[in-house]
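Enquirer: This is what each chain is made of:
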Amino acid sequence: MSHLSSASRVNSVLLFGLLSIVMLVPRSVQAQKNSPDIPVVSNVVAIQGARIVQAPGRVIESGTIVFRDGVIESVGRRVDIPYDAQIIDGDSLTVYAGLIDVLSNVAVPAPASPTQRGPGQQQQATNRAFPTFERAGITPEKDVRPLLDPSDKSVEAHRNLGFTTVVTVPHGRMLPGTASIALLSGSDAAAMVVQGEQPVVFEYQGARGVYPGTPMAMMSKFRQLFREADRRMKVQAMYDDDPTGMTLPPYDAVHGTFGSIINRDKRVFAFTRDALEVHRTLSLQSELGFDLVLTGLSGGFDTVDKVAAADAGVALTLNVPDKPEWAAEVGKDSLDQILAAFDEETRTATFRDVEAERRNLEAKQLQSRARYVSMPAQYADAGVSFAFTSYGMEAKDVTSSVREYVGAGLSRDDMLAAFTTHAADLLGLSGFMGSLDEGKMANLVVTNGDLFAEKTKVRYVFVDGSKYEIASAKGGNGPNGRRGR
Amino acid sequence: MAALLFVAIQLNAQNVVIRNATVLTVTQGTLENTDVLITGGVISEIGSGLRAPRGTEEVDGTDKFLMPGIIDAHSHIALSSINEGSSPVTAEVSMEDVVNPYHIGIYRALAGGVTTSHTMHGSANVIGGQNETIKHRWGTTDPDDVRFRGAPRTIKFALGENPTRNHGRRASNASGAIVPATRMGVEQVLRAHFENGQRYMTAWDAYNAEAATNPRAVPPVYNDRLEVMADILRGEILVHCHSYRADEILMLTRVLGDYGVHNITFQHANEAFKVAPELAEFGAHASVFADWWSYKFEVYYSTAYNAAILTRNGVVTSVNSDSGELNRHLYHEAAKSQRYGNLSDTEALSLVTINPAIQLGIQDRVGSIEIGKDGDVVLFDSHPLSVYAIPELTFVDGVKYFDRFEDPDDVRLQISPSASIGAYEGQITGRDRVHDHTEVVNFFDLFSDIDFDIDSDNR
Numbered sequence: 001m002s003h004l005s006s007a008s009r010v011n012s013v014l015l016f017g018l019l020s021i022v023m024l025v026p027r028s029v030q031a032q033k034n035s036p037d038i039p040v041v042s043n044v045v046a047i048q049g050a051r052i053v054q055a056p057g058r059v060i061e062s063g064t065i066v067f068r069d070g071v072i073e074s075v076g077r078r079v080d081i082p083y084d085a086q087i088i089d090g091d092s093l094t095v096y097a098g099l100i101d102v103l104s105n106v107a108v109p110a111p112a113s114p115t116q117r118g119p120g121q122q123q124q125a126t127n128r129a130f131p132t133f134e135r136a137g138i139t140p141e142k143d144v145r146p147l148l149d150p151s152d153k154s155v156e157a158h159r160n161l162g163f164t165t166v167v168t169v170p171h172g173r174m175l176p177g178t179a180s181i182a183l184l185s186g187s188d189a190a191a192m193v194v195q196g197e198q199p200v201v202f203e204y205q206g207a208r209g210v211y212p213g214t215p216m217a218m219m220s221k222f223r224q225l226f227r228e229a230d231r232r233m234k235v236q237a238m239y240d241d242d243p244t245g246m247t248l249p250p251y252d253a254v255h256g257t258f259g260s261i262i263n264r265d266k267r268v269f270a271f272t273r274d275a276l277e278v279h280r281t282l283s284l285q286s287e288l289g290f291d292l293v294l295t296g297l298s299g300g301f302d303t304v305d306k307v308a309a310a311d312a313g314v315a316l317t318l319n320v321p322d323k324p325e326w327a328a329e330v331g332k333d334s335l336d337q338i339l340a341a342f343d344e345e346t347r348t349a350t351f352r353d354v355e356a357e358r359r360n361l362e363a364k365q366l367q368s369r370a371r372y373v374s375m376p377a378q379y380a381d382a383g384v385s386f387a388f389t390s391y392g393m394e395a396k397d398v399t400s401s402v403r404e405y406v407g408a409g410l411s412r413d414d415m416l417a418a419f420t421t422h423a424a425d426l427l428g429l430s431g432f433m434g435s436l437d438e439g440k441m442a443n444l445v446v447t448n449g450d451l452f453a454e455k456t457k458v459r460y461v462f463v464d465g466s467k468y469e470i471a472s473a474k475g476g477n478g479p480n481g482r483r484g485r
Numbered sequence: 001m002a003a004l005l006f007v008a009i010q011l012n013a014q015n016v017v018i019r020n021a022t023v024l025t026v027t028q029g030t031l032e033n034t035d036v037l038i039t040g041g042v043i044s045e046i047g048s049g050l051r052a053p054r055g056t057e058e059v060d061g062t063d064k065f066l067m068p069g070i071i072d073a074h075s076h077i078a079l080s081s082i083n084e085g086s087s088p089v090t091a092e093v094s095m096e097d098v099v100n101p102y103h104i105g106i107y108r109a110l111a112g113g114v115t116t117s118h119t120m121h122g123s124a125n126v127i128g129g130q131n132e133t134i135k136h137r138w139g140t141t142d143p144d145d146v147r148f149r150g151a152p153r154t155i156k157f158a159l160g161e162n163p164t165r166n167h168g169r170r171a172s173n174a175s176g177a178i179v180p181a182t183r184m185g186v187e188q189v190l191r192a193h194f195e196n197g198q199r200y201m202t203a204w205d206a207y208n209a210e211a212a213t214n215p216r217a218v219p220p221v222y223n224d225r226l227e228v229m230a231d232i233l234r235g236e237i238l239v240h241c242h243s244y245r246a247d248e249i250l251m252l253t254r255v256l257g258d259y260g261v262h263n264i265t266f267q268h269a270n271e272a273f274k275v276a277p278e279l280a281e282f283g284a285h286a287s288v289f290a291d292w293w294s295y296k297f298e299v300y301y302s303t304a305y306n307a308a309i310l311t312r313n314g315v316v317t318s319v320n321s322d323s324g325e326l327n328r329h330l331y332h333e334a335a336k337s338q339r340y341g342n343l344s345d346t347e348a349l350s351l352v353t354i355n356p357a358i359q360l361g362i363q364d365r366v367g368s369i370e371i372g373k374d375g376d377v378v379l380f381d382s383h384p385l386s387v388y389a390i391p392e393l394t395f396v397d398g399v400k401y402f403d404r405f406e407d408p409d410d411v412r413l414q415i416s417p418s419a420s421i422g423a424y425e426g427q428i429t430g431r432d433r434v435h436d437h438t439e440v441v442n443f444f445d446l447f448s449d450i451d452f453d454i455d456s457d458n459r
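Those protein sequence lines, which keep their order, are chains A and B. Residues 1 to 485 (my numbering) are what the first sequence spells out, left to right. Residues 1 to 459 (my numbering) are what the second sequence spells out, left to right.
Worth flagging that the hints you see were computed from the coordinates, not collected in a lab. Be a bit skeptical, because a hint or two may be false.
[Said to hold, decoys possible] Partner residues are not named here, just some residues of chain A that face chain B (Cβ under 7 angstroms, in silico):
1. THR214
2. ARG227
3. HIS279
4. PRO324
5. ALA328
6. LYS332
7. ARG358
8. GLN365
9. TYR372
Note that CB positions come from ideal geometry on N, CA and C, so glycine has one too.
Given these sequences and hints, build the entire structure.
Expert: Put into structure tokens, the structure is as follows:
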């Protein structure tokens, strides 16, 4: 084994040396021509003597990882460091595979609020019953890729947490658009794109003031679009076969996109905010038949069995409900006391003992919140393989949620798997992402300790081999930085 | 952990025998000192000294009154949204999709002896959404577990002030008023959609016939709204129509008659007494309030004799709640109709049991205490038509879901992890604001940035 690898290393060094001579010339010329950026001196990085977590449960306590041109060249206890490598001293550092966010709006600039009424808009009559697709929030064909902006603040905020890859979708409502896999690096929109799955996102966000406004109407509209798209596909197939005597079949981008869902070219990433939306989405799926990834699932502690039995991918929310205001002012010991004093069977007439009733309500509220926090642990216990999503929340809240999930019994390996291997599996990226193995993409997060521990800070993030040093002065940016509240 | 926190979920039908009670069967008279045995969720024996299988729960009904579970023919509990108010016709939407088993209204209804509710779309639209009939199996969080399996499909229509105000009287600037603005317009919306539904049905029937021999037959455009209109025309959906005035009630019977639709229950129908013989002749049913009116102009001409007059004229009549508060004393409402109109006990009890069951098409399953019917029963401490009556135990499918003697302070299935404790103090439970329950998506809130004035409480 070692014999073989040392031989191949010689070859690869030679090969890469040749390649870099060939490629360096046009690259540096281009850099001088088109941008004021200083060309990268070396595309080879070695992190030496670090703790390397290749994948959940696969740890090298002290080893070296080398990557070149965005690809991991070698990783192991003893690895020869190429002469041209930039060396990072990994002493006291831990290296993980870059984290993956399975659904987000990262890198997509938020549009101006659509609810603001501009001058002139007043005169524009809206047909409430039959609004345009745009007005109804039904734009599943809207491709996120041209909208990506690497300078959008969300890119850096996410990267600072250790994310290197996201699935991202345009801002919108019921069917905001077609998502894409994107790297959190690159000089322009095109450079961020990872070619791969482009799912359609669906969520229960009604159109404001027009049809469909309510969850029931959104479900009806989804069925209508699906079934009519199905019919159109059949008619189009007949027309393609022989158009003689047939009227030209109708086409529009919305039904066209539903066609891709029907023939399973595209999956539906459905964002659910509570258990009822999980049930509703699963009934749409069983009724119509499409490939589904359930995302969000806040309150999904009530749907563990149903989701475990369902034919759907799962990405749980990183959003944990806020603590009630009263609890923020109470110490942990006192909170535990309140919980211990809880009486399920209490029957206190309010007029007799308001205080007892209030205490009991507080305890129930703590128990309720504990269920939200323990949800990922429950899915892990049920054997559901899940990823994570930050959809609908702010990046700054991710850290505290992660800490709470671990505190509620989610193992660190399960947590890491959700962020890396499971996410890569879910998105079909396992061939080149999700773990630190030779030949995979150099997406890394380098920390000064256990990624999910209390005081750990992210030191570097590498995206496709590009280095981002995380300013330690900010402190609050690491995955365990200060809580916002 | 969840099981410790909340009321145990009892979804499996159980065996129970209620002994020595006064049994108000509603359809087969009153039986003194009688046992009722429920096995596997179904009433299996009625008699005295019944032998119950091992493990059957024993309930002593001595000096107590057992009646069929009360059926509320008009309710808006346990729903995540009520009105899709964007269009005068939204036949395709269905309350089936937005059942909310977490809603505390289910437990409150059980406390009033109500075992089945007809949960309805609101009255914002001429043709609103399809409704859902549920059983009050409190404790489950899966919407499928509260459905009344096998209950026929029903749909909400609405006449009069609500749809004309919501669509025809909107601020005439940006949002634009549309048909219907008047009762005439309401009729035209109905006729237009029946007409379109008929054409749609014809087009699909023609296609299906042609497709049998011609592989190149082109299917017509799919339209889920007209699918539902066609199903109404085929008699597969029962119509429940929000209505008040006699003229509009007659109008709808004529429209339905023209399209061969005869499954109609007029909801509210405060002036139905004026046209009771016409309703009986048409075969229409009525679901009314005992004595509730004058909350808007079209509801001033009303009488507490409405239910009695309709009953005497042979109209199948029920008394409903339309409220998460009133549904807890529907037996009192039935008693009021009896008090005013001299109905017999059986006639009065029928108003909240077998008659609403007929109107919902579930009379073979519930609405009376008969062998073979579902084990949905309520045990009262005194005669349910007495003003002193209190429901003590409520069973659905033989499972006890309410017990007045084991009734903790807080049985909610869902508690906000973040809200301030004070937020619960203001929780709205009364009849007037029931549509505005915080857990319900209020369609009209979606218009908050659009200036028009609208009453969201579309009763």
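Enquirer: Of the numbered hints stated earlier in the document, which are not met by this structure?
Expert: 5 and 6
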